[in-house]
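Novice: So you can see what is in the structure, the chains are spelled out below.
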Amino acid sequence: MVKNIMLGGVGGQGLVMTTAIISEAAFLAGFDVKTNDVIGLSQRGGKVWGSVRYGEEVFSPNIAPGRADVLLALEALEGLRWSGFVKAGGVVILNTAKIPPVPVITEKAAYPEDIEGLIAGDGQRAVEVRAVNALEEARKLGNLKVVNMVTIGMLSAVLEDIPVDCWRQAIEAHVPEKTLALNLKAFDLGREIR
Amino acid sequence: MEVKLMTGNEAAARGFYEAGGLVASSYPGSPTVELLEAVRAYSPEVYAEFSVNEKVALEVGIGASFTGARAMVSMKHVGVNIAMDPLMTFTQTPIQGGFLLVSGEDPGMASSQNEQDNRVLGKFANMAILDPGSSQEAKDFAKLGFSLSEDYGLPVMLRMTSRVCHSRGPVEELEREVRDISGFSKIPEDFGMVPPNTFPKQFEMKKRIERLTAEACGWDINFLEVWEGDGRNSVQRLAPIDPQFLSPHKTLIITSGLLYYNLKELEAPVDIYKLGMVYPLPIEALRSLAEDYEQVLVLEELTPFIENELKIHGIACEGKKYFSFTGELHTELIEAGLVKAGVLKAANYETAGEVDTVARISMFCAGCPHRPVFDILKKNKISVIGDIGCYSLAVLEPLHMLNTIISMGATIGIMKGMSKALSLSGKAEPLVSVIGDGTFFHSGMTGALNLLHQLDPAANLTLIILNNGTTAMTGGQMTATSGSYTKDWDMNTSIPELLKAMGFPRVRVVDQFDYKGAKAAIEEELKFEGLSIVMTTRPCALNFKIREPYFVVDPQICIGCRSCVKTNCPPIVMKAYNGIEKLKSSIDPDLCVGCSVCSQVCPVSAISRVGDKGRNGEKASTLVEALPADKSPEEGGKR
Numbered sequence: 001m002v003k004n005i006m007l008g009g010v011g012g013q014g015l016v017m018t019t020a021i022i023s024e025a026a027f028l029a030g031f032d033v034k035t036n037d038v039i040g041l042s043q044r045g046g047k048v049w050g051s052v053r054y055g056e057e058v059f060s061p062n063i064a065p066g067r068a069d070v071l072l073a074l075e076a077l078e079g080l081r082w083s084g085f086v087k088a089g090g091v092v093i094l095n096t097a098k099i100p101p102v103p104v105i106t107e108k109a110a111y112p113e114d115i116e117g118l119i120a121g122d123g124q125r126a127v128e129v130r131a132v133n134a135l136e137e138a139r140k141l142g143n144l145k146v147v148n149m150v151t152i153g154m155l156s157a158v159l160e161d162i163p164v165d166c167w168r169q170a171i172e173a174h175v176p177e178k179t180l181a182l183n184l185k186a187f188d189l190g191r192e193i194r
Numbered sequence: 195m196e197v198k199l200m201t202g203n204e205a206a207a208r209g210f211y212e213a214g215g216l217v218a219s220s221y222p223g224s225p226t227v228e229l230l231e232a233v234r235a236y237s238p239e240v241y242a243e244f245s246v247n248e249k250v251a252l253e254v255g256i257g258a259s260f261t262g263a264r265a266m267v268s269m270k271h272v273g274v275n276i277a278m279d280p281l282m283t284f285t286q287t288p289i290q291g292g293f294l295l296v297s298g299e300d301p302g303m304a305s306s307q308n309e310q311d312n313r314v315l316g317k318f319a320n321m322a323i324l325d326p327g328s329s330q331e332a333k334d335f336a337k338l339g340f341s342l343s344e345d346y347g348l349p350v351m352l353r354m355t356s357r358v359c360h361s362r363g364p365v366e367e368l369e370r371e372v373r374d375i376s377g378f379s380k381i382p383e384d385f386g387m388v389p390p391n392t393f394p395k396q397f398e399m400k401k402r403i404e405r406l407t408a409e410a411c412g413w414d415i416n417f418l419e420v421w422e423g424d425g426r427n428s429v430q431r432l433a434p435i436d437p438q439f440l441s442p443h444k445t446l447i448i449t450s451g452l453l454y455y456n457l458k459e460l461e462a463p464v465d466i467y468k469l470g471m472v473y474p475l476p477i478e479a480l481r482s483l484a485e486d487y488e489q490v491l492v493l494e495e496l497t498p499f500i501e502n503e504l505k506i507h508g509i510a511c512e513g514k515k516y517f518s519f520t521g522e523l524h525t526e527l528i529e530a531g532l533v534k535a536g537v538l539k540a541a542n543y544e545t546a547g548e549v550d551t552v553a554r555i556s557m558f559c560a561g562c563p564h565r566p567v568f569d570i571l572k573k574n575k576i577s578v579i580g581d582i583g584c585y586s587l588a589v590l591e592p593l594h595m596l597n598t599i600i601s602m603g604a605t606i607g608i609m610k611g612m613s614k615a616l617s618l619s620g621k622a623e624p625l626v627s628v629i630g631d632g633t634f635f636h637s638g639m640t641g642a643l644n645l646l647h648q649l650d651p652a653a654n655l656t657l658i659i660l661n662n663g664t665t666a667m668t669g670g671q672m673t674a675t676s677g678s679y680t681k682d683w684d685m686n687t688s689i690p691e692l693l694k695a696m697g698f699p700r701v702r703v704v705d706q707f708d709y710k711g712a713k714a715a716i717e718e719e720l721k722f723e724g725l726s727i728v729m730t731t732r733p734c735a736l737n738f739k740i741r742e743p744y745f746v747v748d749p750q751i752c753i754g755c756r757s758c759v760k761t762n763c764p765p766i767v768m769k770a771y772n773g774i775e776k777l778k779s780s781i782d783p784d785l786c787v788g789c790s791v792c793s794q795v796c797p798v799s800a801i802s803r804v805g806d807k808g809r810n811g812e813k814a815s816t817l818v819e820a821l822p823a824d825k826s827p828e829e830g831g832k833r
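Same order as they appear, the protein sequences are chains Y and E.
Using my numbering, you'd call the opening residue of the first sequence number 1 and step up by one each time.
Using my numbering, you'd call the opening residue of the second sequence number 195 and step up by one each time.
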């Protein structure tokens, strides 16, 4: 069994680091792991996406449409964009904080409403949406930079085959030492959000 | 030894290290940027540099190889075009220290101006080409590349697609090989490439490829996997193929790199021959193998390279008939091709994943110093000849004002050619070209010098050099001007002084965060009937971590004119305020870095910095000091 975790976000949000932490946790738990980060043109503001696949043996780093067990969306619209990769009955972890894209800024398009509902779908394609404004959760903790750690905490609660210690070790390996305590706090907070 | 998760880039860097590599050079470009950055982690045992361009990087590698040191040069696919000149002649020499050229390919063009297939260039340069498909292979093939290079006396290409470069997977770490170097062999007959020295080299190049073609038949990295029906394949690594391993199945798929792994996801009832080396091919092994199958398919991205090689040698096969010549070949697309080829009855995979919703294209960062320049050019309704860097984004909506983007440094030569043609035809018009500091040093300098030849003094040409002190688009590598913004860099070239020394009469330096001053200066130069050069001074906001107190909009003062929104800054959007009928501007304080440009374009002073009294008379201060700007064109650059 290979587990497929899809990620979506906006350039500059730290998707590559997020992928690195998830894959490290799975690897520490003893799984074979392959990941992918696709960064489009330029550094910032564009759509970015990635994948983590883990299991006994993983061949391709790519996740095919409709086959992700979990989608971790770092931004609401990006959650909608990549929701087509989630399998029926899968889980979408959604940071509901919005970053307006160019067509919204230029008033050529409206930012979609009821993204949670659109993602959740219905009938045979329904998925479970776990939504939170992770930016506001991070603000409460006093540092916006730990926003992704809140969602990683939420993801860890879904991926029960990766022990929590592996997550902590992976976080320790990837964040600066002086922010470790705060990052772990954000992670723990995320684990409690349902 | 330890097993670690590594990206393909990190793994190739590890391979270089373990192989006892000594000198690594590169020019930043996706997808191989992180490779050299990973090599740097092994200094001071190794030397690593981002060179000024790919040609220079290749030459640095050649020099190291000439001394017997193992050298690795990495660049994106289009970078190899720039390095082709030294490569095509270097390949004639008997390679001393193993030489590995890492070519980062971009099927699907996630971040490139074209989709060229550098296997064609590798063959053209008489190189062996290795094609890893995972991080472990990236490391193993890098090491293999160095020994092949020395054993067969040829440069080796390690071809890595963007997926392989960026994908992570487990890699086993081994010890670094201890190597001594032979020193510089002073043999002009071997390294002084003029005729008649070059005559025997043609035969030597032919011979080494023939030797590889024959010997590769027995290599571990080229192997057959036979489908056994229960989802597992037996692996046969020896050639010629032992008949007991021949399968009753009808179809053989010849593939390489990542596509081998994508194909395996399908668990299709086919036998697979995986090539580790895609040039030259183990032709005789493939020929005898192919005879046992009804159908031979070639699965490869981009050009029918392997397919054509097989066909040239009389081995019947099909590839591009079923698989696209452009873009990446994901598992679901491979499945579709196999259905088309009659190998599979029906498709299992879905092919549409991305939901059609509001597009999100890249935009200049908050505080980007390019923003005011393009705002000023847009207001002047100027269409611009573009180049390669973050400012390439001005080709897209909503700026949509760069008319051409071709290759690194091209903007200046293109402007000259246009000017000459238009003027000869009586259709002269003012022309403006833009280029960043990294691209200027890479290959814009030569184009600039060329402007001075047969210069028409009346031709209205304006060259704008967007000096932000970094190669921003690839993640903030340093350039020859970075030293003027940070003490941590050893190059501090003054572009204005360089231009003056070249002989340019009119060079102007402007601080674009003094919006009014910059606008007046740029407009003056746009109108000037002759050649002028404008250099902007503000550093990259992202790379130099500019973060000043943010700005806020007073909706009671804002008239909703959208002057600020039109600068297209990520935090600025129109918003419905409580109790106010019209939409008014707003700034997201989490995203604003306080560059002040929006406040300066506001006609009614509705935008002010938090904690400041107002914008009037205030100049943005930044953590990194901008270079001093000129007061007038006459003063030019500092002498």
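Hint data in this document are derived by calculation from the structure and do not stem from the laboratory.
Each residue gets a CB set at the ideal place from its N, CA and C atoms; glycine is no exception.
Worth double-checking, as some hints may not be accurate.
Over the 12 Å line for every Cβ pair with chain Y, so calculated as not near, a few chain E residues [stated by the list, open to error]: (1) G347; (2) V388; (3) L453; (4) H524; (5) A666.
Mimicking DSS-like on lysine-lysine, the simulated pairs with C-alpha atoms at most 30 Å apart in a straight line are [stated by the list, open to error]: (6) E:K681 x E:K572; (7) E:K514 x E:K539; (8) Y:K87 x Y:K98; (9) E:K681 x Y:K145; (10) E:K769 x Y:K140; (11) Y:K185 x E:K776; (12) E:K710 x E:K778; (13) E:K539 x Y:K87; (14) E:K572 x Y:K108; (15) Y:K87 x E:K572; (16) E:K514 x Y:K140; (17) E:K769 x Y:K108; (18) E:K573 x E:K760; (19) Y:K98 x E:K400.
Novice: Hints first: check each against the structure and report whether it holds.
Specialist: Going through the hints against the structure:
At roughly 35 Å from the closest C-beta of chain Y, the C-beta of E:G347 stays outside 12 Å, upholding its exclusion from the interface. Even its closest Cβ contact with chain Y, about 43 Å, leaves E:V388 beyond 12 Å, as expected for a residue assigned away from the interface. With 12 Å as the threshold on Cβ separation, the claim that E:L453 sits away from chain Y is violated: the shortest Cβ distance comes to roughly 9 Å. Chain Y draws E:H524 into its interface by the beta-carbon criterion, the shortest separation being 5 Å against a cut-off of 12 Å.
The Cβ of E:A666 sits about 7 Å from the closest Cβ of chain Y, inside the 12 Å cut-off, so the non-interface label is violated. For the suggested pair E:K681 and E:K572, the alpha carbons sit about 35 Å apart, so the restraint of at most 30 Å is broken. Between E:K514 and E:K539 the CA atoms are separated by roughly 19 Å; this keeps the pair inside 30 Å, and the hint holds. Using a Cα cut-off of 30 Å, the hinted pair Y:K87 and Y:K98 holds, with the two alpha carbons roughly 24 Å apart.
The suggested pairing of E:K681 with Y:K145 holds, with an alpha-carbon distance near 27 Å, which does not exceed 30 Å. Proximity of E:K769 to Y:K140 is assessed by CA-CA distance (about 25 Å); at most 30 Å being required, the pair is judged to hold. Distance check on the hinted pair: Y:K185 and E:K776 sit about 42 Å apart at the alpha-carbon level, beyond 30 Å; violated. As the CA atoms of E:K710 and E:K778 are separated by approximately 24 Å, the hinted pair is consistent with the 30 Å bound.
Taking the CA atoms of E:K539 and Y:K87, the gap is near 23 Å; set against the 30 Å cutoff, the hint holds. Note on E:K572 and Y:K108: the hinted pairing holds, with a Cα-Cα distance of about 19 Å set against a maximum of 30 Å. Pair hint Y:K87 plus E:K572 does not hold up; C-alpha atoms about 46 Å apart against a cutoff of 30 Å. With a C-alpha separation of about 55 Å, the suggested pair E:K514 and Y:K140 falls outside the 30 Å cut-off, and the hint is violated.
Taking the CA atoms of E:K769 and Y:K108, the gap is near 14 Å; set against the 30 Å cutoff, the hint holds. At most 30 Å may separate the alpha-carbon atoms for a hinted pair to count; E:K573 and E:K760 meet this at roughly 10 Å. This hinted pair does not check out: Y:K98 and E:K400 have alpha carbons roughly 60 Å apart, beyond 30 Å.
Consistency with the previously given hints fails for numbers 3, 4, 5, 6, 11, 15, 16 and 19, ordered from lowest to highest.
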